[in-house]
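Novice: Read off the chains here:
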Amino acid sequence: MFSSQLPPIPFSSAITNADVGAVLTFQVHEGESYYSVTPPLQTTVIQATANSYVANISTGGGVSLSKVSWPAYDGAAPVQPILQAQDGSYIGTALLETPFRAGIPIMVSFNQSGTQKWSVNGNYQPQIATADGGVIATTPAGGTVKFEANGNATGQLGSAPVRSWVNNSYSSGESAVTSIAAQIVKYAQVFTAIAGGNRSQNGTSVQEEWFPELPSCPTVPPGNSPCPREAIRDALAKLRAKVSTNCPACDMFVFSILGRDRTQFYKYLSRAPRLFDGTRSNLPAQRLCGLAEGLQGFSQWIDCLLGPKSGTVSQYMAGVTANKASSALSQTPSDNGEGPMIFFDPRIICNITDGGAKEVLNEAMLFHEAIHGLYGFQDPSLESSFSETTNPGITYYLENNVFGTYLNYLHDVVGDAEPMQCPN
Amino acid sequence: MSKLGYRMILPIAHVSLAVLLLGLGRQVHQPTQIGFPYSPTPTLVCKGISAPAALFSIAVGAVAPFERLDHPPISFSGFAIDDVLFLFGVVILWYLVGLAIDRHRAQRQRERAHNALRIFIDLLLIGLAMVLLLVSFTPILAPKGLTNPTGARIAAILWLTWSLLLFLVPGINLTRMFRSRDSAA
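So the sequences go chain by chain: E and D.
For the first sequence, counting from 1, position 25 maps to 24 in numbering that gives the first Met the number 0; every step adds exactly one.
For the second sequence, counting from 1, position 158 maps to 157 in numbering that gives the first Met the number 0; every step adds exactly one.
Don't read these hints as lab results, they were simulated from the structure.
Since we're looking at a predicted model, the values are computed, not measured.
Here a beta-carbon is modelled for each residue, glycine too, at the ideal position from N, C-alpha and C.
Any given hint could turn out to be false.
With a straight-line Cα cutoff of 25 Å, these simulated SDA-like cross-link-like pairs (lysine to any residue) come out [unchecked claim]:
(1) LYS143/D to LYS237/E
(2) LYS357/E to HIS410/E
(3) LYS143/D to ARG259/E
(4) LYS143/D to SER255/E
(5) LYS143/D to TYR265/E
(6) LYS143/D to GLY392/E
(7) LYS145/E to THR92/E
(8) LYS143/D to PHE297/E
(9) LYS143/D to SER384/E
(10) LYS143/D to ARG273/E
(11) LYS143/D to ASN400/E
(12) LYS143/D to LEU287/E
(13) LYS143/D to GLU337/E
(14) LYS266/E to LYS145/E
(15) LYS237/E to THR92/E
(16) LYS116/E to SER63/E
(17) LYS143/D to PHE254/E
(18) LYS185/E to GLY150/E
(19) LYS143/D to ARG261/E
(20) LYS143/D to PRO41/D
(21) LYS357/E to PRO247/E
(22) LYS143/D to PHE252/E
Stretch-level coverage of chain D by chain E, calculated; a stretch enters the list once three of its residues show a Cβ under 8 Å from a Cβ in chain E [unchecked claim]:
(23) 35-48
(24) 51-60
Whenever a hint applies, use it, and build me the whole structure from the sequences.
Specialist: See the structure below:
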């Protein structure tokens with residue numbers, strides 16, 4: 000009787016499959032065994048080929064295996080899935096085995112049944128799965144390459160920035176961490192859109208995105224309209240400028256009524272802005288309950304959490320959880336020490352920076368939402384304080400009294416199924 | 000009643016009531032003038048009746064927010080994870096209340112040991128009462144931050160009632176304990 004050690008079965012690390020399970024790959028050496036019975040050697044010779052499998056593991060514990068017909072990858076390691084793409088397929092890395100040279104690194108895309116979609120030769124490390132089905136990968140030289148959904152390289156991005164949870168981008172310096180202008184990347188709305196699972200890269204998979212950027216076009220040709228991100232930031236800069244200096248209308252119509260002074264509001268408004276696209280945000284709605292300072296802040300936070308805050312910000316804004324669509328939504332109050340956190344339906348932002356009535360509408364809306372964040376007041380009590388009953392009362396009140404303009408949103412009638420929109 | 004005991008009856012009754020009230024709360028439509036996730040009155044009343052359980056679910060959710068990090072909010076038969084935690088808290092809370100009542104009816108309270116653990120539990124309950132008292136003042140301290148001031152005021156009365164009970168019961172116990180020690184000395 001002969002015995003021999005079974006060859007090892009290399010497994011990849013598991014990767015989450017949305018919120019329904021996990022996927023991993025492994026290789027099994029399958030083939031015929033020969034026994035050499037000629038003395039003096041009595042050894043087992045295994046003539047085997049490496050076959051790859053994709054194992055889909057459901058949250059209930061069920062496992063389904065798919066044998067895949069990939070090219071011969073290095074038998075030492077199976078394909079390592081790293082990201083899940085927008086369409087649910089996976090992007091990973093492998094070492095390609097050839098008759099002449101082993102271990103050629105490739106980046107490969109495959110679906111859950113193991114069918115290979117595409118592969119690219121080169122030592123690319125997938126970093127971010129993008130909303131358009133593509134992937135952003137880095138090279139050992141420090142470069143960053145963007146690939147479209149079929150694996151074709153479409154451009155270089157320079158070095159990949161480290162991204163914080165709230166979409167600020169940073170480059171690490173020796174002595175300081177400096178915030179830099181972000182290149183706008185729309186993440187795939189999956190659980191593993193980022194290598195490492197999330198922006199902390201600690202292996203925990205988080206459904207992207209909690210804090211999606213507003214649509215952006217940083218390099219707009221002269222004469223063309225800016226995009227929502229640029230327009231709302233321009234409005235924020237103008238609002239800051241307005242409340243930083245003498246503003247009798249602000250004092251008379253807002254701060255003398257609500258309490259606190261304009262300096263406090265300016266200080267609050269000057270903190271890092273957190274302005275996001277709420278229509279794509281998977282942030283749990285409970286996070287809209289901010290924890291302000293002091294016992295009162297704690298008390299209000301508990302009280303806010305008592306109500307059902309099920310669903311995500313995007314579900315709330317679409318009216319799925321509230322039976323009513325929303326165009327702008329603030330964390331109320333803002334967390335202690337933080338600036339405004341506002342989620343917008345991009346359609347409510349007027350895409351303009353000319354300082355005219357439409358931009359004033361942006362400023363008035365920001366003013367309104369920032370009041371929620373600083374004071375922690377809800378709309379009915381603000382409307383009561385300002386004796387304003389129209390819809391959206393506070394924005395129009397501020398527009399009329401503080402800025403002296405009169406421009407209304409589209410679909411601002413109660414009961415209109417469409418969310419409010421800027422008359423762009 | 001005597002066969003099952005309050006420790007069995009109360010959790011079943013209160014979980015049923017909580018499920019009913021939470022379900023009713025889900026049927027309430029958000030008023031159009033409120034641009035923030037709304038707190039319906041049945042939900043607030045429910046979390047007032049079992050206030051310590053509500054506090055428990057918030058505390059657990061804050062300390063172990065794994066559900067919020069790893070997944071989008073999940074639900075069990077329409078109940079969010081926070082509601083499930085709350086219902087679990089309701090079972091524990093009313094079991095303990097029922098147990099206390101059962102012991103009281105059996106006049107076993109005299110057998111309780113006057114030890115450090117008993118003092119610790121009583122002080123813990125007084126601490127819980129203080130938190131409940133603070134939160135019950137929200138409709139007074141910060142009424143403008145409420146999406147449903149009326150519902151919040153009803154809930155606040157219930158939280159205040161819990162707070163007073165949790166002050167009085169352990170307070171009386173501690174007073175008795177120290178008096179009996181003094182008289183023994």
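Novice: None of the hints should be skipped; say for each whether it holds.
Specialist: Do the hints match the structure? See the list:
1. A C-alpha spacing of about 28 Å is found between LYS143/D and LYS237/E, which places the hinted pair above 25 Å, so the restraint is violated.
2. A threshold of 25 Å between alpha carbons decides the hint, and for LYS357/E with HIS410/E the separation of about 16 Å falls inside it, so the pair holds.
3. The suggested pairing of LYS143/D with ARG259/E holds, with an alpha-carbon distance near 15 Å, which does not exceed 25 Å.
4. For a cut-off of 25 Å, the pair hint linking LYS143/D to SER255/E stands: about 16 Å separates their Cα positions.
5. Distance hint between LYS143/D and TYR265/E is fulfilled; the C-alpha atoms sit about 21 Å from each other, no more than 25 Å.
6. A distance of roughly 16 Å separates the Cα atoms of LYS143/D and GLY392/E; the hinted pair therefore holds under the 25 Å criterion.
7. Taking the CA atoms of LYS145/E and THR92/E, the gap is about 16 Å. The hint holds against a cut of 25 Å.
8. Between the alpha carbons of LYS143/D and PHE297/E the distance comes to roughly 15 Å, so the proposed pair stays at or under 25 Å and holds.
9. Of the pairs offered as hints, the one joining LYS143/D and SER384/E holds, with about 10 Å between alpha carbons and a cut-off of 25 Å not exceeded.
10. With a C-alpha separation of about 23 Å, the suggested pair LYS143/D and ARG273/E falls inside the 25 Å cut-off, and the hint holds.
11. In summary, the hint linking LYS143/D to ASN400/E is supported, as the alpha carbons are separated by about 22 Å, within the 25 Å threshold.
12. A distance of roughly 16 Å separates the Cα atoms of LYS143/D and LEU287/E; the hinted pair therefore holds under the 25 Å criterion.
13. Proposed proximity of LYS143/D and GLU337/E is supported: the alpha carbons are some 20 Å apart, at most 25 Å.
14. With a C-alpha separation of about 39 Å, the suggested pairing of LYS266/E with LYS145/E is violated against the 25 Å cut-off.
15. Between the alpha carbons of LYS237/E and THR92/E the distance comes to roughly 48 Å, so the proposed pair goes past 25 Å and is violated.
16. Simply put, LYS116/E and SER63/E have alpha-carbon atoms about 20 Å apart, close enough for the 25 Å limit, and the pair holds.
17. Among the hinted pairs, LYS143/D with PHE254/E is consistent with the structure: their alpha-carbon atoms are about 15 Å apart, no more than 25 Å.
18. Restraint check for LYS185/E and GLY150/E: the C-alpha separation of about 17 Å stays at or below 25 Å, so the hint holds.
19. Distance restraint check for LYS143/D and ARG261/E: the Cα-Cα separation of roughly 20 Å lies within the 25 Å cut-off, and the hinted pair is therefore satisfied.
20. Distance hint between LYS143/D and PRO41/D is fulfilled; the C-alpha atoms sit about 20 Å from each other, no more than 25 Å.
21. Using a Cα cut-off of 25 Å, the hinted pair LYS357/E and PRO247/E holds, with the two alpha carbons roughly 22 Å apart.
22. With a C-alpha separation of about 18 Å, the suggested pair LYS143/D and PHE252/E falls inside the 25 Å cut-off, and the hint holds.
23. For a cut-off of 8 Å, the count of residues in the region 35-48 of chain D with a CB near a CB of chain E stands at 8, and the three-residue condition holds.
24. Three residues within the 8 Å Cβ limit are the bar, and the region 51-60 of chain D against chain E gives 4, so the coverage statement holds.
Checked against the numbered hints above, the structure violates hints 1, 14, 15; every other hint is satisfied.
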